[in-house]
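Sequence order for the protein chains is A and B.
The numbering used here applies: residue 1 is where the first sequence begins, and numbers increase by one.
The numbering used here applies: residue 1 is where the second sequence begins, and numbers increase by one.
Hints were generated in silico from the structure; no laboratory data involved.
Glycine residues also receive a C-beta, built at the ideal position from the N, C-alpha and C atoms.
Be a bit skeptical, because a hint or two may be false.
To be verified - Quick list of simulated restraints, FRET-style, between CB atoms:
no., chain 1, residue 1, chain 2, residue 2, range
1, B, Thr196, A, Val128, 30 to 40 Å
2, A, Asn212, B, Gln64, 45 to 55 Å
3, B, Glu181, A, Arg196, 54 to 64 Å
4, B, Ser100, A, Lys46, 32 to 42 Å
5, A, Lys48, B, Leu149, 35 to 45 Å
6, B, Gln134, A, Lys46, 49 to 59 Å
7, B, Ser10, A, Ala45, 16 to 26 Å
8, B, Gln134, A, Ser159, 52 to 62 Å
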Amino acid sequence: MNIDKSIRTSRPRLFRLQVGLRHILLLTLCVGAWVANWTNQSQIAKLKPRLATLQKLAPELIVSDPSRIAIVLLDSKWYSELRWDVYVPSSNFQLCLAARDIAESGYPDQYENVLLPKGRYELQIQEVSQTDGFRIRVTQNEESLLDIAETPTFGSNGSSSFIRTGPSLQFDGLTEIDLLRRRFMVPVPGSPGSSRTTIGPTKGVLLWIKPN
Amino acid sequence: MANLWSRTVSFVLLTITLIGGYFAWQSGQERAALLSQIARIEKRIGSFPIVDPTLVHVRAIDTQQPLEFAWRIYLPAHFKMTNAQTFDPSGTNYYHYSGSEPSEFIARVILREHNGSMECYTSFNFSSGVSSTQNPLHLIAIREQWEHLHIEQLGKPELAKFQPNEEMPLLRISLPSELFESLKLKHKDSKSQSMTEDLLQIRFVKRAP
C-alpha cells in the first residue's frame, strides 16, 4: 500500500517539473526576441535623424524602384551652377532647355533638347554673364549637352526661381519634371533700375525632363 | 487539465516568441540598412564624433581636386562668430553668423580662373559668395606654382575642436618666402608690390559684442 501511494504522488511532481522547464525556455526566448526588437527600435530612432542630417550634408541618389526616374540636387560648387544626380530608367526621355516664353507653369514651344538614354547622369547647369553675352550651358561630366547664348543684358533684372531640391525623389515620368524654372523680372516702365515679377511668359531659364 | 493548461501556455509563449522574433528580424534588417547608408555617406564625408556639443568641430574632407577645399563643420547652439576672408590684398570680407540651434554643414572653398581673374567661391551654411582678384602675382602663383604653395587647412588630418570665441584659421594659402621674393622681382607692377605672402586667408575671428 505504501509503495502505491508513493507512485501516485511522485508522478504529478515529475510532470510539473518537465513542463516548467519548457515554459522557462520559451519565456527566455520570448523575452530575448522582444528585447532584441526593442533594442533595434531604439537604435533606429537614433539612426534616422542622424541619416537625415547626413543626407542633407551629402545628398545621394537613391533608386529604390529601377523602373522610375530618380532625382537629387547635389551640393553647388559655384554660385551660378546647380547640379543634379539623375537616374533615367529607359531611353524614352529627353532633357530640354529654354530661355524665352517661360510661364509660371507649362512649357514653351521653342526649346533645345537632347535624348537621355537609360542610365545615370550628373547634370550641371551654368549661367554665365560674359561681356559678349549671357550663356546657359547644361553639361554632363564636362561634356556639353545643351547650350543657349543670349544677349549680354539677358537676366540683369533679378529673378524668381523654382529649383528641384530636397531628398532623393522618384517620379513615374509620365509628365514633365522641372529641374529649374527661373523667371526673370521685367523693368518697371518710367522707373529706371527697378524691376518687378510678371504674370505672363517671360525670359528665364527652364530645364526639364520630358517623356518622348 | 494540467496538461491542457501547460500546452496552452506553451502555445501562447511560442506564438509571442515567434511574433517577437519576426519583429526583431525585421527591425534588425532596417537597422542594418540604416547603418549601411550612414557608413556609405561617412565614407565620402568622414565620420564626425561630436565629442563636446559646446565646441566647434571641424574636419577637412578630401576633395581629390587641387583647387577645391571642403570641411564638415559643427557649430554649437547660440554660436555667434565672424568669418573673415582675405583674397585680394585690397580688403577683407567679414561674414557674421549666429544661430540658436546647433548646426552641421559642409563648407567649401573653390578657386577658378575666369576671364583673366582668379575667383574664390566660398560656401558656408550662413553665406556664399565670390571674391576675385586680377593681381598678376596671384594668378601666376595659383596657376603655375600650385605645388610649391604652403597650404594650411584646419581639420586635416585630425578633427579640430575649439571654443566658439576662439580665433582659428580655417584655410591659409601662402607663397614660400623665396618664391614670393622671386615673383615680386619679376612683376614690378604696383599691385604685385602691394602683395603679401598670403594669397588666401579664411579664419574664424572673434565677433565684436
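Outcome of the hint check:
no. : hint                                 : result
1   : Thr196(B) with Val128(A): 30 to 40 Å : holds (31 Å)
2   : Asn212(A) with Gln64(B): 45 to 55 Å  : violated (37 Å)
3   : Glu181(B) with Arg196(A): 54 to 64 Å : holds (55 Å)
4   : Ser100(B) with Lys46(A): 32 to 42 Å  : violated (23 Å)
5   : Lys48(A) with Leu149(B): 35 to 45 Å  : holds (43 Å)
6   : Gln134(B) with Lys46(A): 49 to 59 Å  : holds (51 Å)
7   : Ser10(B) with Ala45(A): 16 to 26 Å   : violated (33 Å)
8   : Gln134(B) with Ser159(A): 52 to 62 Å : violated (28 Å)
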